[in-house]
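Chains as they are written, first to last, in full-length UniProt numbering: chain A, 1 to 215; chain B, 1 to 218.
Accuracy of the hints is not assured; some may be wrong.
[Stated by the list, open to error] Ranges of calculated distance between the beta carbons of each label pair, as one might list FRET restraints: (1) Leu123(A) - Ile210(B): 44 to 50 Å; (2) Ser179(A) - Ile214(B): 27 to 33 Å; (3) Lys181(B) - Arg203(A): 19 to 25 Å; (4) Phe5(B) - Val149(A): 34 to 40 Å; (5) Ala40(A) - Ile210(B): 20 to 26 Å.
[What the hints assert, rightly or not] With the C-beta cut set under 8 Å, the calculated list includes, among others, these residues of chain A facing chain B: (6) Gly62; (7) Phe70; (8) Ile79; (9) Leu83; (10) Ala85; (11) Ala159; (12) Gln174; (13) Pro183.
The hints are simulated quantities; they were obtained by calculation from the structure and are not laboratory data. All figures in this text were calculated on a predicted structure; none of them were measured in a lab. The beta-carbon is built from N, C-alpha and C at its ideal position, and this holds for glycine as well.
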Amino acid sequence: MDFDLMLKVYPFFLEAALTTIVLSVLTAILGLFCGALGAAARLSRFALLRFAGAAYVSLFRGTPALLQLFILYFGGPQIGIQLDAFEAGVIGLGINAGAYMTETIRGSIISIDKGQREAARTLGLSRWQATYKVILPQAARLMVRPLGVNLNMLVKATALVAAISVVELTYTAQRYIGSTYKPFEMFLLAGVLYMIIIYAVGRGVAWLDRKVQIT
Amino acid sequence: MGLDFTIIPKYMDIILLGVAWTIGITVSAALLSFIGGILFAVIALYAPWIIRQPFRLVEGVFMGTPLLLQLFLIYFGLVQIGIDLPAFVAGIIGLGLHFAVYNSELIQTAILAVDKGQMEAARTLGLSRSQALRKVVIPQAIRDVIPPIGNNMIALLKDSALVSVIGVSELTLSAQRVIGKTYRPFEFYILAAALYYIINLGMEWVQRRIERRISVSR
């Protein structure tokens, strides 16, 4: 174990970890947005929207995220979409994560007892009011934990943008493995930082989950 | 530069060879992850404390870090300790170990969920502890865990694209090679994605058939 080397390069890893965190946060925001839209489409009254939602989930969950990034970043310019690597990373990963989150959000919503909606409608609430004031507040409590699992996966998925040369943790580790031939040391540095990020996400989700439960 | 999908047939042989490699790597890694998953689950549940605790720590590391990073570690790490494996072998080992850890989590839960009476009955009938595990408890646990393991295997197919980064000529890298010659990234990445999607649908079909089978035998 070459600790001197690790001490020398760790500041670069910290900087890279910051990029990973920013990337994760932006991706999570876009993912939640796409997930909410996707779930709304999948639960829509209109068959066309339901189909669009189902196609979104199936296509983006059915193909490798790495290829989705490549299509966006390398193929994008051919159809007039010019993005830098970081932007392509956030958009590509966000849309991908959104497909997984669509299923999480939809699952929480449909697990709310049908009687809740019927009762709300009977009491004179409109369809929209029943959804907004009765169903969603209950479903939101159920979705915190499973969305936390999605977030955990998302943080690890940000490593993929190393393949389009975004200088984040995995890219940095890869570069230093190449220049120092010390794979274990570099893995240890990057791995510990990833685990800290994932641990923090886990604690945050657990805190939020406790917060939203009715006691 | 507009889109031109008509050049695809000319390079289809390279792409199809990539498909064959992707399927081969996925199947080999899936087998490794299945056997490894059972082995890891038994270690995590039944090994002596001194082995079990460090083992769980390693499992935690595998679950808490990205697969891509693990692939770099395995590929370059093995070279460093003097084992120079071809990239595809390193890829299969990396994918297999990564998913073995995830399968092990599922199998552990399933083993603990098998009724205690099964073990007791087996012991009463004169089977040793390891016999009871191998012949009575684990087979029942495996049956319960086949559907979620199927989901892991579909995830494995998609993650097999990552081994392109360490230089394995599977579907993704084959597409990249063709793009290097034709400068048509959009067409060939879309083609590769469509082929992954088809393989994915095939795996889902097999998964449904297996699930129907085990639900009948229950």
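Hints and how they fare:
1. Leu123(A) - Ile210(B): 44 to 50 Å: 47 Å, holds
2. Ser179(A) - Ile214(B): 27 to 33 Å: 51 Å, violated
3. Lys181(B) - Arg203(A): 19 to 25 Å: Given range 19 to 25 Å: violated, Cβ gap about 49 Å.
4. Phe5(B) - Val149(A): 34 to 40 Å: Between Phe5(B) and Val149(A), where Cβ atoms are some 38 Å apart, the hint holds.
5. Ala40(A) - Ile210(B): 20 to 26 Å: 34 Å, violated
6. Gly62: 5 Å, holds
7. Phe70: This hint holds: Phe70(A) lies near chain B, its Cβ roughly 5 Å from the closest one there, short of 8 Å.
8. Ile79: Hint on Ile79(A): holds, closest Cβ of chain B at ~6 Å, below 8 Å.
9. Leu83: 13 Å, violated
10. Ala85: 14 Å, violated
11. Ala159: 3 Å, holds
12. Gln174: OK, holds: Gln174(A) within 8 Å of chain B, min 6 Å.
13. Pro183: Since chain B brings a Cβ to about 4 Å from Pro183(A), closer than 8 Å, the hint holds.
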